[in-house]
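Undergrad: So the protein sequences, as listed, match chains A and B.
Counting with the numbering used here, you get residues 4 to 287 for the letters of the first sequence.
Counting with the numbering used here, you get residues 2 to 412 for the letters of the second sequence.
FYI, nobody ran anything at the bench for these hints, they're computed from the structure.
Careful: at least some of the hints might be erroneous.
As the list claims (entries may be wrong) - Derived pair list, reagent style EDC-like, types lysine to aspartate or glutamate, alpha-carbon separation capped at 20 Å:
1. B:Lys97 <-> B:Asp256
2. A:Lys157 <-> B:Asp334
3. B:Lys97 <-> B:Glu138
4. B:Lys332 <-> A:Asp118
5. B:Lys199 <-> B:Asp211
6. A:Lys159 <-> B:Asp367
7. B:Lys332 <-> B:Glu317
8. B:Lys104 <-> B:Glu138
9. B:Lys104 <-> B:Glu250
10. B:Lys201 <-> B:Glu138
11. B:Lys332 <-> A:Glu117
12. B:Lys47 <-> B:Asp334
13. B:Lys201 <-> B:Asp211
14. B:Lys332 <-> B:Asp211
15. B:Lys332 <-> A:Glu119
16. A:Lys157 <-> B:Asp367
Unchecked claim - Quick look at which bits of chain B chain A covers, simulated, 3 or more residues with Cβ under 8 Å:
17. 325 to 333
18. 403 to 409
Yeah, the Cβ is synthetic: ideal placement off N, Cα and C, and Gly gets one too.
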Amino acid sequence: MRLPLLRRGGQGPAGDVARPSDLLPVAPDGAPAAPAPPREVIVVRRVVKTYTLGEIAVHALRGVSLSMEHGDFVAIMGASGSGKSTLMNIIGCLDLPTSGRYLLDGVDVRGMAEDELADVRNRKIGFVFQSFNLIPRTTALANVELPMVYAGMKPKPRRRRAERALAIVGLADRMDHMPSELSGGQQQRVAIARAIATNPAIILADEPTGNLDTTATYEVMDVFSRLNAQGRTVVLITHEDEVARHAKRVIRLRDGEVIDDHRLSPVDGPPPRLRGRAEDRGAS
Amino acid sequence: MIRENMRIAVQGIVSNRLRSALTMLGILIGVGAVILVVAVGNGSSKAVQSRIQALGTNTLVVFSGGGFGGGRGARNGTLSQRVGITSQDVTALENKVNAPDVKALSPVRNASSVTASYNGSTYSPSQFVGVLPAYSEIRNYPVGSGRFLTNDDQANNSKVVVLGTTVVQNLFGTANANPIGAQVQFNATTLTVVGVLKPKGSNGAQDQDDIALIPLSTMEESFTGSTTPYSQLAVEATSAGTTNAAEAEILATLDADHHITATSATQFNVLNQTSLLATSSANTHTFTVLLAAIAAISLLVGGIGVMNIMLVTVTERTREIGIRKAIGARKPDILSQFLVEAVLLSLLGGLLGVAAGLIGSHFKIDGTKPVIVPVSVVLAFGVSLLVGLFFGIYPANRAASLRPIDALRYE
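Starting from the given sequences, assemble the full structure and let the hints guide the process.
TA: Below, the structure written as structure tokens:
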């Protein structure tokens, strides 16, 4: 199935990014106008990705199949060269599979043109990168507003949403700071605020703690856990076991194939670390 | 989106001040040079035109004989052919049927080697001419003080003279002296000064103020006699637009009067101010276009500078482009971002260039006062924008075509 893409700015407030102003994702039965979104937000079927470097064909993915549900918190693990970055590029619609199918929130990305993919990324994916990737010399607030600028939102609601997203990650008092004036942990939290501002179907984090110290790592993972507890789908790519332990489900890749896929806690419950703390609090 | 792009562009330009300033300098020089060169060309053409116009725009001067100076030679020609302008010719030309486009005319008699003396100072005016009262209007010789020659002067052979300022200066010591009423000796004849002409300056070839004018009748009675043909005929056409028609009518009338049947055999020459004006402005125009073309090339070079800097900027911001694309920027979004920056660079350079051109035109350049041509300002500025757009397209397109995964990986 393939949903028609909404033209930016052309469809008025009914446009996708202007879904209920609440930043929380829509409950499956909460959007009467749209068809009920599928329970599975990510469906990857026999995806193969082959690069040609000169005359050598590199098989980065050799037929990966997996699916992820709404509200899940998935960690994708693997050593370098395992194909996890390639998988993340495909899940993030930055790249298209050589063969196989990929459905993101019910939208088949097969054969999409570059600008269509850009729209899908804009509306359905919130990216968090290892090196934060904020735009330099641009305030935290303007950075968070950026995806909504490309979505064609009007300045006022855009600003309101950006402020709320920054408040969610605990940076309401740092809105006018430049990235260079923020610590690594704070920059990554700005990046998370940017990722959630458009209310995407998934938050896709590529080694989000790779450049952070222990304290900042804890801060950032805590934010992810809380977002997931509020119902957001989080896909995390990491090679650190400590980080993966925050997830509800861990998928391991090796040589372009899934070698392990196990669940740490149920999709519907709170993420393991938050549950742990809740139990701690309950015990004390 | 446009506002966002403007913000990004301004930020990009401000964060690389020196680089942006140097790039703008290229455009500035191009635009300023075009405006200034055209202004100088226009200024010099205006100066030449005003000199020619000072002679009288609808003025025609008719000579007899082979060349412009042929009037005197014709006097010695064979009289049987009646070559030379006579009073009969004047009567014929005054007839509106023969020459409907002639408004007024005055025969002119020159007397050579006439020396004026007053209170011991002597001076020989380069022009000592006998004319009719209409001459003042025909040749655009307004009177500064006193009066011009009148019909009464002509009828009574009055012994009066109107002097140019150069003559006044040489006879009375200073150009500001008031010589009205003074008795000045011209050869053996004493003439009373009745007026002084407004100074006209040089027409490029001669000092137009080095002149003394007396009634034609007085000239014939006391200096030249009336048997010889006139030196020349000063004619005023009804308007600047009819000078060419008047010229044709004059030649036809004179040829008929002198029984010259073939136009190629004509003995008369007409000096037409309008055609002189046209020739001179055509010359300056060619010259201006040539110089402006060279200036325009420097504008092109400035545009290449813009392109160069934009390519550097795109390379520097590859990672930023990757981020923007990852979070949903489409190709046109990135394209317009860099195009706006390129156009803004050349726009600022163009504005500064216009300012430089306008300021530069306040100064005299090689003796010429530049006169700004508004069209050249608009054109140079417009072209600078187009240059920014044209040379911005390639770098912007390069940025927009980057693949997000490659751009994100760029260090």
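Undergrad: State the violated hints by number, sorted upward, taking the hints as numbered earlier in the document.
TA: Those not satisfied are hints 6, 12, 14, 16.
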